[in-house]
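Make the full structure from the sequences, and use the hints.
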Amino acid sequence: MKPQREHVTVPDGASWALLWRELPNLPFEWHYHPEFELTLTVNATGQRYIGDHLGDFVDGDLVLVGPNLPHTWSAQGALDETRPVLAVVVWFSREWVEQLVKGLPELAPIRKLAEQASRALSFSPAVINGVRPRLMALENLDTARRLPVLLDVLLELARDAQAQPLSSGMSLLDTTGSKHRLGKVLDVMHQRFAEPLMVEELAERVALSVGAFHRFFKRHTGKTVTAYLTQLRVGHACQLLIQSDKPIGMVAEAAGYRNLAHFNRQFMATKGITPRQFRQQYRAP
Numbered sequence: 001m002k003p004q005r006e007h008v009t010v011p012d013g014a015s016w017a018l019l020w021r022e023l024p025n026l027p028f029e030w031h032y033h034p035e036f037e038l039t040l041t042v043n044a045t046g047q048r049y050i051g052d053h054l055g056d057f058v059d060g061d062l063v064l065v066g067p068n069l070p071h072t073w074s075a076q077g078a079l080d081e082t083r084p085v086l087a088v089v090v091w092f093s094r095e096w097v098e099q100l101v102k103g104l105p106e107l108a109p110i111r112k113l114a115e116q117a118s119r120a121l122s123f124s125p126a127v128i129n130g131v132r133p134r135l136m137a138l139e140n141l142d143t144a145r146r147l148p149v150l151l152d153v154l155l156e157l158a159r160d161a162q163a164q165p166l167s168s169g170m171s172l173l174d175t176t177g178s179k180h181r182l183g184k185v186l187d188v189m190h191q192r193f194a195e196p197l198m199v200e201e202l203a204e205r206v207a208l209s210v211g212a213f214h215r216f217f218k219r220h221t222g223k224t225v226t227a228y229l230t231q232l233r234v235g236h237a238c239q240l241l242i243q244s245d246k247p248i249g250m251v252a253e254a255a256g257y258r259n260l261a262h263f264n265r266q267f268m269a270t271k272g273i274t275p276r277q278f279r280q281q282y283r284a285p
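What the sequence shown shows, in full-length UniProt numbering, is residues 1 to 285, in sequence order.
Certain hints may be false.
Keeping only pairs whose Cα atoms sit at most 27 Å apart, straight-line, the calculated BS3-like set for lysine-lysine is [as the list claims (entries may be wrong)]:
#, residue 1, residue 2
1, K246, K271
2, K218, K184
3, K218, K271
4, K184, K223
5, K112, K102
6, K271, K223
Think of the hints as simulated: they come from the structure by calculation, not from any bench.
The structure is reproduced here in structure tokens:
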């Protein structure tokens, strides 16, 4: 699963780019680019993958991703099927940040925010609620009026003391053979996580012994093979619990668990609540 380089185009008469992306779902598109990316995701819940981070996201997720850090969001459908999934995406360059601060020293907090984004930052609900309306309004503003709104948003994000780094900063972009090997393994795991995957098969794909493969995988992802698969499976189960009325037994099977009791134990260990309690959280009025 080698990340694809995405070419970001800044329109004429602008110094940064805005993408208003409406889709029926969020496909898994593992990519990177040299620009910073601020993404607000609306009307969807699913998983996000950033560097070596794998986590769940909910409606209103807001993340700032640093340059050349591979990332994607994945969701099977919209929460409200009468409306599309919306991704409000802002791209800006490191040079853009430096020029801002050079000309306007008052904007120095934006430079600090950019430095912290090398690991990707997820912002607190309170701050997201404050900036969400401003990001949602960008589409209807002309180019000149968008800029002060964006600067206001970035300054607000820079003040978020509860912002959380997501990735260890590990890049999948090195040209070494080990990074290419890891991509091949992750490709299989993401496509076939619901199947009984044998470590021996994964190790054979990258020409390593089982013992060497375990060490290789842990060194590059920070997780064991079992822990990584568990995150993928439980994450998919969360998506089904929220978006469907399938019985929990069917959710467990779709996520790769043939034994319901084992699924319940794994889910509780990962999320801290039972699958039924997790579903009820999202069904409460």
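Hinted pair K218 and K271, Cα distance within 27 Å: With Cα atoms ~22 Å apart, K218 and K271 stay inside 27 Å; holds.
Straight-line alpha-carbon gap K271 to K223, limit 27 Å: holds (17 Å)
Pair hint outcome, K218 versus K184 [Cα-Cα no greater than 27 Å]: holds (15 Å)
Pair hint K112 and K102, alpha-carbon separation not exceeding 27 Å: holds (13 Å)
Pairwise hint evaluation, K223 against K184, where the allowed Cα distance is 27 Å at most: Holds: K184 and K223 sit about 17 Å apart, inside 27 Å.
27 Å limit on alpha-carbon distance, applied to hinted pair K246 and K271: holds (19 Å)
Hint compliance for this structure: every hint is met.
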